[in-house]
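Heads up, the sequence shown is in numbering that gives the first Met the number 0, so the first residue is 0 and it goes up one at a time.
A few of these clues could be false.
[Said to hold, decoys possible] Dumping the calculated EDC-like pairs for lysine to aspartate or glutamate here, alpha-carbon to alpha-carbon at most 20 Å:
{"id": "1", "residue 1": "Lys-2", "residue 2": "Asp-47"}
{"id": "2", "residue 1": "Lys-2", "residue 2": "Glu-32"}
{"id": "3", "residue 1": "Lys-31", "residue 2": "Asp-45"}
{"id": "4", "residue 1": "Lys-10", "residue 2": "Asp-47"}
{"id": "5", "residue 1": "Lys-56", "residue 2": "Glu-32"}
{"id": "6", "residue 1": "Lys-28", "residue 2": "Glu-61"}
{"id": "7", "residue 1": "Lys-56", "residue 2": "Asp-35"}
{"id": "8", "residue 1": "Lys-31", "residue 2": "Glu-73"}
{"id": "9", "residue 1": "Lys-56", "residue 2": "Glu-9"}
{"id": "10", "residue 1": "Lys-2", "residue 2": "Glu-38"}
{"id": "11", "residue 1": "Lys-10", "residue 2": "Asp-45"}
Think of the hints as simulated: they come from the structure by calculation, not from any bench.
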Amino acid sequence: MEKCADFILEKGLNEEGIFRLPGQDNLVKQLKEAFDAGERPSFSSDTDVHTVASLFKLYLRELPEPVFPWSQYEDCLACESTIAIDEEKVMS
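Using the sequences and the hints, build the whole thing.
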């Protein structure tokens with residue numbers, strides 16, 4: 000996942016719909032199989048960033064537990080509302 004995140008940060012920050020538009024299914028499948036087999040495939044400069052983002056999303060979906068565990072869900076919501084309140088104070 001780190002390799003995907005690095006590629007997305009390097010190539011995809013200005014790409015519209017980076018996580019909304021799908022990548023190439025066949026390449027996502029090939030890359031996933033390679034990573035799952037312990038390989039470290041490289042992304043060439045012409046690799047579609049949407050494909051790498053699709054692979055990243057696939058790994059997130061397949062995690063046994065969410066990045067933010069359900070046991071901390073309420074805490075995450077509380078943080079979000081605190082941030083929103085702080086932003087309102089800054090803007091006023």
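Quick rundown of the hints versus the structure:
no. : hint               : result
1   : Lys-2 with Asp-47  : holds, 14 Å
2   : Lys-2 with Glu-32  : holds, 15 Å
3   : Lys-31 with Asp-45 : holds, 18 Å
4   : Lys-10 with Asp-47 : holds, 9 Å
5   : Lys-56 with Glu-32 : holds, 15 Å
6   : Lys-28 with Glu-61 : holds, 14 Å
7   : Lys-56 with Asp-35 : holds, 15 Å
8   : Lys-31 with Glu-73 : violated, 32 Å
9   : Lys-56 with Glu-9  : holds, 17 Å
10  : Lys-2 with Glu-38  : holds, 12 Å
11  : Lys-10 with Asp-45 : holds, 10 Å
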